[in-house]
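S.K.: These are the residues of each chain, in order.
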Amino acid sequence: MRVLVVDDEPDVRLVARVTLKAAGIEVDEVGSGEEALVRLADGNIPDVMLLDIRMPGIDGWEVLRSLRSNGAFAAIPVVIFTAHASVRDADEFKELGQRSYVVTKPFQRDELIATVQQAAVVA
Amino acid sequence: MPTSLDPTARALLEANLALAEDRDVHTVLERVVGSVRRLLDAEYVGLGITADEAALRIIDLVEAGRSPGDVIEEGTPTGPLARPLIERTAIRLHDVALTSDPIGPRAPTFLGLPVQRSDRLRGVLYVIGGVGQSLHTDRDVEVAEAFAAQAAIAIDNARLYDAVDQRASMSAALVRAVGAVASERDPEEVLDTIVEVARKLVDAEFAALGVLGEDGVLDPFIHVGMDPAVVQRIGDPPVGEGVLRAVTVEGRPVRLEDLTEHPASVGFPEHHPPMTSFLGVPLRIAGEVLGNLYLTNKRSGSEFTDADEELVTALAGQAAVALDRARADARVQGTVAQLRSLLRANLALTGELDPDRVLQTIVDLSRELVDAEYAALGVLDQDGEALEAFIHSGIDAETVGRIGPLPEGRGVLGAVIVGKRPIRLRDLADHPASVGFPGHHPPMSSFLGVPLAYHGKVLGNLYLTNKRGGEFTAEDEDLVSALAAQAAVAIENARVYAHERDLVERLREVGQMKTEFVSLVSHELRTPLVALRSGAELLAGSMEHLDPVEAGEVLAAIVRQSTRLQLLIDNLLDLSRIDQGRLKVSMSVLPLRAFVGATLESLPQLQDWDVRMEIPDELDVRADEFYLGQVLTNLLVNATNYGAPPLVLSARVEDDAVVLEVRDHGPGLDPIVEQQLFDRFVRGPQTGDAVPGSGLGLALVQAYVESFGGRVWYESGDPEGACFCVALPLPQSEPELEEDL
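Protein sequence lines, in the order shown, are assigned to chains A and C.
Residue numbering for the first sequence is 1 to 123, as defined by the working numbering.
Residue numbering for the second sequence is 1001 to 1741, as defined by the working numbering.
I should point out that these hints are in silico values taken from the structure, not numbers from a laboratory.
Be aware that one or more of the hints could be misleading.
To be verified - Keeping only pairs whose Cα atoms sit at most 25 Å apart, straight-line, the calculated SDA-like set for lysine to any residue is:
1. A:21 x C:1536
2. A:21 x C:1255
3. C:1514 x A:87
4. A:21 x C:1543
5. A:21 x C:1537
6. A:21 x C:1545
7. A:21 x C:1549
8. A:21 x C:1426
If you're wondering where the values come from, they're calculated on a predicted model, not measured in any experiment.
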């Protein structure tokens, strides 16, 4: 399984990457929404996308909107990776997040791994 | 009646009976002339009634038969016809010329005798002709005298009746005049009635009533007895000079047989019909003369009588009462109008929140109420030194444009403000403080200025100029002062309101800043915590499963994020200290180039950057060493985060400061960000989490630099990049060193 970690904080990506790799999951990482979309357009389709919401430029919601409106990427399972525990109340989540998973930051190792694996399986 | 009586006695008796029965003088006199003609067998008998003793003028003539040449008529007789009147005795003549013309009409016989009683002349009786008669006999004369005596009694009786009648009609007229006054009709109508009644009662040709107005002009001026065409030819009503003035100034009646003989007589206007007899009385009430009532040319006599004067004085009294009441009514109505205006002003004030519109309403109302040509209101600024607003009324925009800048509130306007008292002038130029008015300003003469005072503080002034038809009155001053008080309240309210609104806005901003602060700080605190906590838990829970290199990386991240947290907390504490004025700086002289060099060395981010040091060797600055290091670090790190190489560091001396420039060649700043660059918690809209930062960096830079007595600002690069300039004090700019130089 291959996960694409999208987060603008390098140290957060680092900890997520080390956590997932220790569980045998392959990890790619990018630092912005723009880079994530470029990665997809280049044909690098991950099994799961771990997506930060609050990012400069194209934020997580925009990335999610792009995925959902594009047939080629609509099926990519997304785990929303956010510091905001109330993300499920956001209007954007109601619009775009129905088939998504949520992991709040700071995250617990087991929760992150379990959620990512579940997302991959259900998809 | 017995028929055996002597015809003469019988005729006399009949005449006497008629006298007793008939009050009409003409009936009696017709009997007299008829009887005389019959008894004396005369061709003509005429009985003339004279006007009075002195005039010897026949005003009424009763005739039987026809006089030769029809020479006996009303008017002043001449020749033999005048003799009985002059000589007061019977004149008997034979074949005589009846007029002074020798070839005029003649009478074969003429008998003329005065009609008198108690030696007072009443008229004249003429008997002419008689068939076959030569001279009238003594008996004829006796008969004529007997009838003349009857006629005298008849005339006296008739006059007595007339006098009684006249008294009655005078009383009726007076009653009418008094009634008109009492009925509270329109004062003009009352005065019309009085003039008419006066003329009729004293039998004058002209009558007029003048009310004293401004400058002694008689206005209104009501007159009767003159042809409208003549009135038009005469032109303006009299200004009340000459004899009319004597009446009003002296305040007592003037009665003249001939107007032109009075020493004050100034003659009468061109086209005015001649005036001889004159009676003028003042209209006075409570010692005040309000005008005059005068009559000229008494028709039934050569001059006005005591009774006329008494009567006209009574009528003038009524006229004065009517006028005084009209004036009192006008005053009451004026007061009511003022109250109504104030009420209107008050309504305008309470219904209007926009202070400018309130003041405009007050200016417009003031102008309208006191009937001034111009009005203006000046509002002093909070320091009370210059006008911050100037609202005017009555001058069109084009004229205002030509006049130029607003008045500075000097001269008389300044005197209103400084003196804190109203100023009322007949002519603005009369005031010692007058400085004239600007070119292109329409001329101003009469002036009323009142201060706008609130609790003893003068907030401005309200002034009016050029009252239409005169100068401003004490009532105008009261009214405008009341409106000025309203204006002062409006200004004060507007200021209090604006102050409150600013305060509320400021509080709202502070509240919003606090919310943003909490949101920002919590985010900034949480971000390093993510890696810290998740990393630490990872290491604690599954150290044995981790690749040792990766575990090391996680540890390094933990250290980095703890440092970041530390920095943020330090920044917050510094700001808090600055806010409370507790930041302690210790100033020293620092060699700028060396200091900047050392700071560059300490920043690993800049190791690979193209940095160009263009700071001269010899420049020293005064600053706190630690905090200047913070300033430089912040600016340099910002350049690496947001800008692009090359990074140019330069410095120059400008005035008493060294200006250090940190210039990069990146995209520069968004102009929106520029505005709030040094505000707290402000980060570029595109910044987000891409660049670590608290949103406090530049706020701190500014606070530090200012604590050194310096200044920091941003200039956009030319053509690209961002440039931060820091002005730091030169060591030489210390005051004591300056003195040594």
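S.K.: Could you run down the list of hints and mark each one as holding or not?
M.R.: To see whether the hints hold, each was checked on the structure:
For the hint pairing residue 21 (chain A) with residue 1536 (chain C), the CA-to-CA distance comes to about 16 Å; that is within 25 Å, so the pair holds. For a cut-off of 25 Å, the pair hint linking residue 21 (chain A) to residue 1255 (chain C) is broken: about 137 Å separates their Cα positions. The straight-line distance between the Cα atoms of residue 1514 (chain C) and residue 87 (chain A) is roughly 23 Å, inside the 25 Å bound, and the hint therefore holds. With a C-alpha separation of about 13 Å, the suggested pairing of residue 21 (chain A) with residue 1543 (chain C) holds against the 25 Å cut-off.
As the CA atoms of residue 21 (chain A) and residue 1537 (chain C) are separated by approximately 16 Å, the hinted pair is consistent with the 25 Å bound. A hinted pair counts as satisfied when its Cα atoms are at most 25 Å apart, and residue 21 (chain A) with residue 1545 (chain C) qualifies at roughly 10 Å. Between residue 21 (chain A) and residue 1549 (chain C), the direct Cα distance comes to roughly 13 Å. Compliance with the 25 Å bound is thereby established for this hinted pair. Pair hint residue 21 (chain A) plus residue 1426 (chain C) does not hold up; C-alpha atoms about 101 Å apart against a cutoff of 25 Å.
Hints 2 and 8, counting from the list given before, are not met by this structure.
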